[in-house]
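Enquirer: Next come the chains, spelled out residue by residue.
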Amino acid sequence: MAKREYAFYPGCSSQLRGSAANYLVSVESMCEKLDVKMTQIPDWNCCGASISYAGSSELARHVLSARNFALSDKHLPGQDIVATCAACWLGGRETIEKLDASSQLLADTNEALKEAGLQYKPGTEIRHMVEVLVEDLGYEELGKPVVKPLDGVKVAGYVGCQTNRPFGIAGESFENPMYLDKLIDTVGGESIAKYEEKVSCCGGSLAFCEPEKAEKQIKNIVESAYDHGADVICTPCPLCQANVEVYQSEINRKQGTKLNMPVVYYSQLLSVAYGGTLKEAGLDGHIIQPKKLQDIAVKVVKK
Amino acid sequence: MGDLNTQMLDKYRNNFLREVEEKVDDGDWVKMCMQCGVCAGSCTFGPDWEHTPQKIFMMIRAGKREEVLTSHSMWLCTSCYNCMVRCPRKLPITHIMHGLASYAHRLGLAPKNQPTRDFSMIFWENCTKTGRVNELKMTISVYFREGFVSGIKKMWTLRNIGRGLFFAKRLNPLELFVSHGCKDKDGLRRALKKADEIEARRRGYAVQPRGYSS
Chain X
1 MAKREYAFYP GCSSQLRGSA ANYLVSVESM CEKLDVKMTQ IPDWNCCGAS ISYAGSSELA
61 RHVLSARNFA LSDKHLPGQD IVATCAACWL GGRETIEKLD ASSQLLADTN EALKEAGLQY
121 KPGTEIRHMV EVLVEDLGYE ELGKPVVKPL DGVKVAGYVG CQTNRPFGIA GESFENPMYL
181 DKLIDTVGGE SIAKYEEKVS CCGGSLAFCE PEKAEKQIKN IVESAYDHGA DVICTPCPLC
241 QANVEVYQSE INRKQGTKLN MPVVYYSQLL SVAYGGTLKE AGLDGHIIQP KKLQDIAVKV
301 VKK
Chain U
1001 MGDLNTQMLD KYRNNFLREV EEKVDDGDWV KMCMQCGVCA GSCTFGPDWE HTPQKIFMMI
1061 RAGKREEVLT SHSMWLCTSC YNCMVRCPRK LPITHIMHGL ASYAHRLGLA PKNQPTRDFS
1121 MIFWENCTKT GRVNELKMTI SVYFREGFVS GIKKMWTLRN IGRGLFFAKR LNPLELFVSH
1181 GCKDKDGLRR ALKKADEIEA RRRGYAVQPR GYSS
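Chains X and U are the protein sequences, given in the same order.
Note that this note's numbering has the first sequence beginning at 1, numbered continuously upward.
Note that this note's numbering has the second sequence beginning at 1001, numbered continuously upward.
No wet-lab data here; the hints were simulated from the structure.
These numbers were taken from a predicted model, which means no experiment stands behind them.
Just so you know, not all the hints are guaranteed correct.
Stated by the list, open to error - The list that follows gives simulated cross-link-like pairs (lysine-lysine, BS3-like), each with its CA atoms no further than 27 Å apart:
#1 U:K1193 <-> X:K74
#2 U:K1154 <-> X:K114
#3 U:K1169 <-> U:K1154
What the hints assert, rightly or not - Derived CB-CB ranges, DEER-like:
#4 X:Q255 <-> U:L1174: 50 to 60 Å
#5 X:G117 <-> U:P1209: 40 to 50 Å
#6 X:S173 <-> U:I1152: 40 to 50 Å
#7 X:D227 <-> U:K1090: 26 to 36 Å
#8 X:K299 <-> U:Q1208: 20 to 30 Å
#9 U:V1178 <-> X:E135: 50 to 60 Å
#10 X:E5 <-> U:M1058: 31 to 41 Å
Said to hold, decoys possible - Covered by chain X, according to a simulated footprint, are these stretches of chain U (three or more residues, beta-carbon under 8 Å):
#11 1131-1145
#12 1168-1179
Even for Gly, the Cβ is constructed at its ideal location relative to N, Cα and C.
Using the sequences and the hints, build the whole thing.
Expert: Structure follows, in structure tokens:
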């Protein structure tokens, strides 16, 4: 039996052939090495993300999150829910907070959920994967399975917004959270303490609807990583990852720059350090190849 | 029943602050703003806003109803929550911006063709259709929202990104035909329809027509 068990809420982008498909793959291989069992919430739905405020009512967004909580409670009772996506986690936390504060909103949510034959009972916990790593397991435990330390890999820890604000990871500051740097160091990489763009916004969904504005952010995030001699940027958020990786070519095309900085997830760093193959670590899922990590992944180590 | 904007004008007359307090999500916080400007200085796109959150709050108190509700500003919020964690009075500024945008949209006052509003509408319709986002269809809808020719141009410009994502197995052309989705999408859509009815009842709105209402 696995040491720890959680109800898993992967979110839309992590699905097979989704924009963060390699995130899911790397989380699975990472969790296997850490003896963490993640069971997907059966029939989970989209959280509504942060952008649906014009399209939906406030109540409808709470109903989306509450349906996932109710399903989790029904099929995986007693297990904390773990989200890997920053927006899923944040949306879920907001719903819990709002429904805890208003019995009216709770009653309304349940009146709507009844239409789907479900009921939300307060008391649910939704946590980000990073919280499970640093709080439930701890850095020492996370260091134990390392078989291939990421020697000589300089990593810019790009935390971004929504795993950091407004809730954040307990004990961390909003302005300079350290958990990502500590994770990087734990697996033998070299973190960059003075990376200025650590908690900047990548532009979020405005990369879709107002690309020029988002590209300004992305350029800063990437250039600052270059300034510090980074080999790779690492992030806990699937939208940060996608935005910062895929639009570099657009910035190059428009502005004549030569940005080519790979962007990976923390789970990929851990997975590689734990001996994961290219595929297991999701390192075959990039437009800009994280060469140094790929080299480590294919390297054979003597036990 | 006349149009919602006229009704609200009649109801609140010159008291826009009260209207915001009663009708906008978290609007009852607006009066707590002390005009320090930390939000304006912390905002990712602060320099791009016509009115920063600080200004918006003052304009609400000054009764500048039309200027606030027709502003593009709230729609530039990226939900980065920087303003919210830094606000010394702990105003949930991000939520208030979303609430104002949403209310302006409800009243039919939000700017036409506002990119973020359009994206928001597309996103909601997309994710509630099967219960999960179809990223390919969503992207195509966003790029083609200003017409066929401009859509083709955008797709052509971004073709290398599309190809890159395809080879990285992060984009599936078959999503045009088959979507990820919930098994009980009908139950989900019934619950969302009900949620709209309840919300309309609570706020005195007419129920908005949506895909899942039909």
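Enquirer: Flag every earlier hint the structure violates by its number, smallest first.
Expert: 2, 4, 5, 8, 9, 10
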